[in-house]
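Undergrad: One letter stands for each residue in the lines below.
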Amino acid sequence: MSGALDSPEPDETDSPHPVTGLDERVHQRVRLGILTIAHEARRVEFGYLRTQLELTAGNLSQHLAVLETAGLVEIEKGYAGRRGRTWITLTAAGSAALAEEIARLKLLIARVETAGGQ
Amino acid sequence: MTSDAVPAGGDPRRLLADVRGLARRVRLAQRVTWLPLLVLALVTFGAILVYRSSQPVLSDCRAVGEGQVCRAWYQTAQLYWWSALVLAYVVISAGYLRVARARGLGARVLPYVLTGVALVVLSAAVSVVWMALGDPHYPDEPSTSAQLLLRLLDPTGVIGLALLMLAWLERRRALLLFALGYLAVVLVPINFGWGAGWGDKWGFAPQLVINGGLLLGSAGFALASRLRRPR
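These protein sequence lines map, in sequence, to chains Y and E. Using the numbering used here, you'd call the opening residue of the first sequence number 156 and step up by one each time. Using the numbering used here, you'd call the opening residue of the second sequence number 19 and step up by one each time.
FYI, nobody ran anything at the bench for these hints, they're computed from the structure. Just so you know, these numbers come straight off a predicted model, no measurement behind them. Any given hint might turn out to be false.
Facing chain Y, a subset of chain E residues (Cβ under 7 Å, in silico) [claimed, not checked]:
| no. | residue |
| --- | --- |
| 1 | 35 |
| 2 | 37 |
| 3 | 40 |
| 4 | 41 |
| 5 | 44 |
| 6 | 46 |
| 7 | 128 |
| 8 | 132 |
| 9 | 219 |
| 10 | 221 |
| 11 | 223 |
Glycine residues also receive a C-beta, built at the ideal position from the N, C-alpha and C atoms.
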């Protein structure tokens, strides 16, 4: 995966603990999964997300609504023949939020490992 | 996965592992590596027939020993390569988009297709400039470095260069190794001694059979590994 997963390794500074900067809209297992898949796929269909994340349609819709309201994804409804299809695309803000979340997760891991080694 | 909010003090390692696992699954679902390899193999094999059925434009013939050497421009074959490769990239692009859409995903093939087409244009430009310069080394052979560069920018070479981009896009080490091996064969052609008695019109056939065979074989492996993978 490019971009988000390739963010630079965290450095050890006196900055605030990474937990304090976590965005709850992103730092949630399912929503983080949605953003990750949308980032990697460029564009993802509702059904693919539902299968991969093992969610009900209602549950997934709720998470998508949170992300859409936050401006992190765009949702586009259309048809493929007679079948309705919903496509989800990551916005620039969503991409930045994902990269930041992953950088914070790496920072957290580094902190835990440093603390564990002392 | 659950829908419960992960506490801030949750397990970041697990979250990161989930992220990587999901990204990997998406990449696997988007791969259609056998398609470009198969299409490019067909284009390469098609070139054998074009070389066989067309006449090169000969000029500036000079007597050397008991024979003669001429400038030869394989006009029809050049036009075939340029148009067939551009068409191949259109087919590959359409194939990737179709497969990805059917799986509910977007495709990540555009950089590969753009690179491929740009390299075809570069190859054509080098060929035209080389001809316009009247082959500066003629009647001698170009220097080794010039030969390597010309082979790299030959239609068979640019196929391999574009495959490097596809390997990077798909994060596929096996394809990277294949592309490097393919380029090595293009740069340092293998000569098994085939075609010695095949006549002028089959002069390019042995190398093209090897190049096309490599592409076709890899397409077979890629397709087989795709079919073996659980969905």
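Undergrad: Next step is simple, just say for each hint if it's right about the structure.
TA: Hint check:
1. 35: Result: violated, 10 Å to nearest chain Y Cβ.
2. 37: holds (5 Å)
3. 40: For residue 40 (chain E), the interface hint holds, since the closest Cβ of chain Y sits about 5 Å away, which is under 7 Å.
4. 41: holds (4 Å)
5. 44: holds (4 Å)
6. 46: Violated - the Cβ of residue 46 (chain E) stays beyond 7 Å from chain Y, reaching only about 10 Å at its closest.
7. 128: Hint violated; residue 128 (chain E) Cβ to chain Y Cβ min 9 Å, cut 7 Å.
8. 132: violated (15 Å)
9. 219: For residue 219 (chain E), the interface hint is violated, since the closest Cβ of chain Y sits about 46 Å away, which is over 7 Å.
10. 221: Violated - the Cβ of residue 221 (chain E) stays beyond 7 Å from chain Y, reaching only about 43 Å at its closest.
11. 223: violated (41 Å)
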